[in-house]
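Enquirer: Chain by chain, the residues run as shown.
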Amino acid sequence: MRILCLLFLLLCTAASQAQVTLSNGKHVLELTGAVSTYYNHRVLKPDAVNQSRNKDRFRLRDAQIQLEGRIEDKYEYELQVDFVDLASFSTGEIDPENPGLMDAYIRYKGLGFMDIQFGYGKLFYSRSSLVPFSYTPYWQRAQIVRGNVFSRRDVGVTLMKNFWRQRVNVYAGVYTGLGEVTLRGDNDPSGQPEYAGRIDFAWPARYRYRDIDTRHSPLFMVAVGLNGRYANKVLPEGRGFPSFSTGEFGLKVINGERYVYGADLAWQYKGFSGQFEIHQLFARPHLENDALLQGISPELTERKLYAGGLVAQLNYFLKRTKTILSVRYEELDLNDLVPGRSERFSCAVAYQIKGFDSMIKFQYFSILREEVIDPLRWTEQFRIGWQVRFT
Amino acid sequence: MGYLRCCLLLLPLLLLSAAPPKVPKLKPTRHIRIHVPEPSDICRNPLNNNFFVVSDDGILFEVDIDGIPVREAAFRGFDFEAVYADESHVYLVEEYTRKIRVFDQATLTLQRTVHLPYGGGRNKSYEAFTFNPVTGRYILLTEKDPIYLFELDTALNVVNEWDMNHLAADISAATFYNGHLWLLSDEDMHVIRLDPVTREETGRWYVPIINPEGMVFTDEGKLIVLSDDMERMYFFEISEM
Chain R
252 MRILCLLFLL
262 LCTAASQAQV
272 TLSNGKHVLE
282 LTGAVSTYYN
292 HRVLKPDAVN
302 QSRNKDRFRL
312 RDAQIQLEGR
322 IEDKYEYELQ
332 VDFVDLASFS
342 TGEIDPENPG
352 LMDAYIRYKG
362 LGFMDIQFGY
372 GKLFYSRSSL
382 VPFSYTPYWQ
392 RAQIVRGNVF
402 SRRDVGVTLM
412 KNFWRQRVNV
422 YAGVYTGLGE
432 VTLRGDNDPS
442 GQPEYAGRID
452 FAWPARYRYR
462 DIDTRHSPLF
472 MVAVGLNGRY
482 ANKVLPEGRG
492 FPSFSTGEFG
502 LKVINGERYV
512 YGADLAWQYK
522 GFSGQFEIHQ
532 LFARPHLEND
542 ALLQGISPEL
552 TERKLYAGGL
562 VAQLNYFLKR
572 TKTILSVRYE
582 ELDLNDLVPG
592 RSERFSCAVA
602 YQIKGFDSMI
612 KFQYFSILRE
622 EVIDPLRWTE
632 QFRIGWQVRF
642 T
Chain D
919 MGYLRCCLLL
929 LPLLLLSAAP
939 PKVPKLKPTR
949 HIRIHVPEPS
959 DICRNPLNNN
969 FFVVSDDGIL
979 FEVDIDGIPV
989 REAAFRGFDF
999 EAVYADESHV
1009 YLVEEYTRKI
1019 RVFDQATLTL
1029 QRTVHLPYGG
1039 GRNKSYEAFT
1049 FNPVTGRYIL
1059 LTEKDPIYLF
1069 ELDTALNVVN
1079 EWDMNHLAAD
1089 ISAATFYNGH
1099 LWLLSDEDMH
1109 VIRLDPVTRE
1119 ETGRWYVPII
1129 NPEGMVFTDE
1139 GKLIVLSDDM
1149 ERMYFFEISE
1159 M
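Taken in order, these protein sequences are the chains called R and D. Counting from 252, one number per residue, gives the positions in the first sequence under the working numbering. Counting from 919, one number per residue, gives the positions in the second sequence under the working numbering.
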């Protein structure tokens, strides 16, 4: 199925290379796509159980088609699909980092004083999450922003406005709160939405959601962002959330009150760039025996818990050799009621054959420390592959 | 151990590219704010010392040497990316819609619209436009992926096409000055001088400006580079080129 999808995409792209944009003078429609594949070598822990598991693999990560349109200066829309993840959709589980349906929204720009976006797409929460994956040298996002602690996409309405020559951007929206799983169509018995907002400020000019300073900015540029989200979902007795909606760690949707807040910083200068991002989740489960409270007495937990993490990344773009070098450190604490946290170190090298449109990417990552409630089978990973975008 | 492997991998690449590219750098002597939102190109008004400036918002302005608007066209277009003016007309290029709008110089009213279909990327289309008096043809360039230089006759019909992809990462502006064709690259931050007939490169300079989208030469021996993101006009001495 995946191979068929890939062939279909390649055929479509080959046919469209001569004309990737259609226009009648008012309505402009652009067709683009992307394919990426990598080889993954995992260093497994030396115990007998692990030796029978997958150690090395090829993976088709992306097989995407994107339709992006604009009708005069009033409407913008986007439909982006990844066939790889659609093919595995039948299992019911949706990979939040790379869901089958990536975008399906309409943005109305005719109000003048603000833009309004309806539909399914990325939430304006977390700068790292907002950076398009193909603009990074890595094969995997940092743990905290992969969509297992908080959702990256959802259905809802977003209001957006920029000020001061796009140096200040403000976003606020209301969403289902079920994240990517909302695509399965199941209702949330609590009937409560999630609210999210973000504000970012850049100096001395607008700062795009990109990690790498490919232009070697002649001025020091910096951007800071603050974001938060809130949901208070209380399930009726005997009811549960839709399957997979709570995520891998049971944190994405909880039966109770949940705040997530974070801050981010990005800078770039003469090819060097850096990003720092930190998030904290505060949860107050409705039930005293909620599994998130780890069976600890309510007198001790006060029926609340914290989770969160951070990611720090440093990059340099070698303009002459068209190569990106990057190192990343990340921490993740899935529950403060359980001692310990996980730590990871990664480095990446990406060689640009033709900008970000054709790039060989290599990523190495190492587990420095594991969290007790999230044991892994491996200690190190190597991924190398090729990313091609048809734009 | 992990750190060590990583460093061993990164070090040779770092050394390999330590030397900077050998393109002479121009330093701006001063800069001023231009009072035009998201300015995307600039050209001389041949009838006076003013400039025509277009905005991403689809508005045509005439500004003075201090960057202050003195006239504004009533017409509202969409995503203007290039501008050129002669004694009787002002020519604007709309990137998204692939249209050239021709305005009357005196009244800034729309006189004619020419549609030049182009199937390239929605935001990688026509970005630069000027007139080459040596060949007697207008030139129209696409921004990137690929960079094409189209030659247009005086009736704005495309009569020739050249692949200029080897020249730069992208092209953001074009102008004619002192017997040469000049191009500006936003991503490379390069000003490139070309032979007007052969289109061979005859010179190249680095301008340390964020998001340079337009350029124009003045009779006073200045090169002005327009920054979209900074909304500024940067002044350079031509004598350094």
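Hints are supplied without guarantee of correctness; some may be wrong.
[As the list claims (entries may be wrong)] Here's a subset of chain R near chain D, in silico, CB distances under 7 angstroms, partners left out:
| id | residue |
| --- | --- |
| 1 | 272 |
| 2 | 279 |
| 3 | 281 |
| 4 | 324 |
| 5 | 416 |
| 6 | 423 |
| 7 | 456 |
| 8 | 457 |
| 9 | 466 |
| 10 | 469 |
| 11 | 470 |
| 12 | 642 |
No lab work stands behind these hints, which were simulated from the structure alone. Just so you know, these numbers come straight off a predicted model, no measurement behind them. Glycine is no exception: its CB is placed at the ideal position from the N, C-alpha and C atoms.
Enquirer: Hints first: check each against the structure and report whether it holds.
Expert: Do the hints match the structure? See the list:
no. : hint : in the structure
1   : 272  : holds, 5 angstroms
2   : 279  : holds, 5 angstroms
3   : 281  : holds, 4 angstroms
4   : 324  : holds, 5 angstroms
5   : 416  : holds, 6 angstroms
6   : 423  : violated, 24 angstroms
7   : 456  : holds, 4 angstroms
8   : 457  : holds, 6 angstroms
9   : 466  : holds, 6 angstroms
10  : 469  : holds, 3 angstroms
11  : 470  : holds, 6 angstroms
12  : 642  : holds, 6 angstroms
The earlier numbered hint that this structure contradicts is number 6, and it is the only one.
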